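K.L.:
Starting from the known structure of chain A, arrange chain B on it as the hints suggest.
These are the residues of each chain, in order.
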Amino acid sequence: MRLGTAGPRGRMPAPHATTERAAISLRGVGKDFRGAAGETVALDSVDLDIDAGDFVCLLGQSGCGKSTLLNLIAGLDSPSRGSIDVGGRRVGMMFQDANLFPWLTVRGNIELALRLSGVPAREFGPRVDELLETVRLPRAASMRPHELSGGMRQRVALARTLAQDCSILLMDEPFAALDAITRDAMHDETERIWLERELTIVFVTHNVRESARLGNRVLVMTPDPGRIDSELRIGLQRPRRMEDPGVADRAADLHRRLSGRNEP
Amino acid sequence: MSDIDAGRLVGKAAAPTRRIRFTGPEGRPAASLGSRIVRRSWPPLLAVIITLLLWEVVYLSGWRPSYVLPDPATVLQRTGEMVASGKFWQALGTTMFRAAAGFGLALGIGTLIGLVVSFSRTLRAAIGSMITGLQTMPSIAWFPFAILLFGLSESAILFVVILGAAPSIANGIISGIDDVPKALIRTATVLGARGLSLYRYVVVPAALPAYLSGLKQGWAFAWRSLMAGELLVIIASKPSLGVQLQFHREFADTAGLMSVMIIILVLGMLIDGVLSRVSNGVRARRGMGPVS
Numbered sequence: 001m002r003l004g005t006a007g008p009r010g011r012m013p014a015p016h017a018t019t020e021r022a023a024i025s026l027r028g029v030g031k032d033f034r035g036a037a038g039e040t041v042a043l044d045s046v047d048l049d050i051d052a053g054d055f056v057c058l059l060g061q062s063g064c065g066k067s068t069l070l071n072l073i074a075g076l077d078s079p080s081r082g083s084i085d086v087g088g089r090r091v092g093m094m095f096q097d098a099n100l101f102p103w104l105t106v107r108g109n110i111e112l113a114l115r116l117s118g119v120p121a122r123e124f125g126p127r128v129d130e131l132l133e134t135v136r137l138p139r140a141a142s143m144r145p146h147e148l149s150g151g152m153r154q155r156v157a158l159a160r161t162l163a164q165d166c167s168i169l170l171m172d173e174p175f176a177a178l179d180a181i182t183r184d185a186m187h188d189e190t191e192r193i194w195l196e197r198e199l200t201i202v203f204v205t206h207n208v209r210e211s212a213r214l215g216n217r218v219l220v221m222t223p224d225p226g227r228i229d230s231e232l233r234i235g236l237q238r239p240r241r242m243e244d245p246g247v248a249d250r251a252a253d254l255h256r257r258l259s260g261r262n263e264p
Numbered sequence: 001m002s003d004i005d006a007g008r009l010v011g012k013a014a015a016p017t018r019r020i021r022f023t024g025p026e027g028r029p030a031a032s033l034g035s036r037i038v039r040r041s042w043p044p045l046l047a048v049i050i051t052l053l054l055w056e057v058v059y060l061s062g063w064r065p066s067y068v069l070p071d072p073a074t075v076l077q078r079t080g081e082m083v084a085s086g087k088f089w090q091a092l093g094t095t096m097f098r099a100a101a102g103f104g105l106a107l108g109i110g111t112l113i114g115l116v117v118s119f120s121r122t123l124r125a126a127i128g129s130m131i132t133g134l135q136t137m138p139s140i141a142w143f144p145f146a147i148l149l150f151g152l153s154e155s156a157i158l159f160v161v162i163l164g165a166a167p168s169i170a171n172g173i174i175s176g177i178d179d180v181p182k183a184l185i186r187t188a189t190v191l192g193a194r195g196l197s198l199y200r201y202v203v204v205p206a207a208l209p210a211y212l213s214g215l216k217q218g219w220a221f222a223w224r225s226l227m228a229g230e231l232l233v234i235i236a237s238k239p240s241l242g243v244q245l246q247f248h249r250e251f252a253d254t255a256g257l258m259s260v261m262i263i264i265l266v267l268g269m270l271i272d273g274v275l276s277r278v279s280n281g282v283r284a285r286r287g288m289g290p291v292s
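Chains as they are written, first to last, in the numbering used here: chain A, 1 to 264; chain B, 1 to 292.
Looking at chain A on its own, in the form it has when it is part of the complex (with noise of 0.2 Å):
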């Protein structure tokens, strides 16, 4: 199935229905780029629906293309082929670094991406202690962004993120680099927030257990070309922990299906 090319995000309609309640939808998306090897494929067809309030994660090995259909979404960049439809909702992204403007306070970040957002200047102040509530670092507003570590730095990635208001999520890979402590104590927040927030999240990782943990569908990705390859619903109770016999069980599941396109 080819389709238009899509324009830039919520300007231009799905060319045809998509289902009631989904938030995000793709369309036989394609991405090539071009490189000194010629042009690869990325992306290859790629149909998705997610639904309003759903935790989707994009699970594969790198170079599968799970960041540049994140990316896709965001509209940080635009599809070779195919339509992507977020019907007009804010979208908030968070990467594997935080990504802090260095030059500004904790609190001048998020009161950057309020202004950003159109949020007048006199409701800036207490909305920053409720989103700096909101990540549980209250008391660190004036703080620089090198004076915090690295769970912290994305903690205020976080609150940045939630001050636009979006109520589509996305996460590129946000805790890869954080020990497993902070990491999973990042888990529980981001499922309480998603919670809170009634977030749709598409949360990119290639951390078997990691997408397990978190989401209610793992969608498996194989590169060449980047497709979805197989999905994972996970259908485990919330809250869930990373060593929970349920979780190891999906991520058994989730290893063999990585694991059996390797092998001879």
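These are computed hints drawn from the structure, not numbers from a lab. Treat the hints loosely; a few may be bogus.
Incomplete in silico selection of chain B near chain A, CB under 10 Å [claimed, not checked]:
#1 A188
#2 L191
#3 Y201
#4 P205
#5 P209
#6 V282
#7 R286
On a predicted model such as this, the values are computed, not experimentally measured, just so you know. Heads up, the beta-carbon is just placed ideally off N, CA and C, and yes, glycines get one too.
P.N.:
Just chain B now, with coordinates in the frame of chain A:
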């Protein structure tokens, strides 16, 4: 649900905050002002003393007669006398006014050119390398041309001071903007920054440290160009530091000449010191400063 492990998480979030507080700069026991001044100033002081000692040794060796190379004590005494005279302050006033006007104009022109060039790919291709070329051109080579254009006038001096300083300032801002991490741009884009707001809130602040480095280099070039200009473009009615250098040379007054040189050196260092302080402050706030 929202209460899952709330206590544990609060504990975790709060603990690093406290830890940072203790090790942060504000937590360090404050040294008294006196001991801080002593700690900071002894290395340069030692260097000055060693220089004076070497000078004294050369003087005592009799390598040059004392009316050609006087000893440090004589020169320092002359410097003291000079600083006490009204004529010196008049000369200093002229020179510093020229420095301020030249550097100020270079600041405006360099910043503008830098911003415009970094914004436009075509302009970059057209004059990007020319700016670097101008930066390497010895400013004294401009003077014959400047004198033909403007005559022996203030304008000729200003012209060359600006040509000396503006390229460094423009290059500072261009390289600063070039080196803004792409990750920050992407993050800002996702946060909704576009076009002008992206420049205003992210690109320009991110480029500030490189811009300040360019400013420091620009000042050094401006000061050098100005001294060259004051030696070459002598305006009879205007006493300046450059004119004083020339005057002392003509009268073979080495002590006076060296006094003026010391003043020129100290002034250049003072202004550079101010710019360095600003630059280091900006860098330290971003965690870029040297580990002290």
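K.L.:
Each hint should be assessed against the structure and marked as holding or not.
P.N.:
Each hint, compared with the structure:
1. A188: holds, 8 Å
2. L191: With Cβ-Cβ at 5 Å, under 10 Å, it holds.
3. Y201: holds, 6 Å
4. P205: With a minimum Cβ separation of about 5 Å from chain A (threshold 10 Å), the hint on B:P205 holds.
5. P209: holds, 9 Å
6. V282: It holds, given that the least Cβ distance between B:V282 and chain A is near 8 Å, below 10 Å.
7. R286: holds, 4 Å
Of the numbered hints listed earlier, not one is contradicted by the structure.
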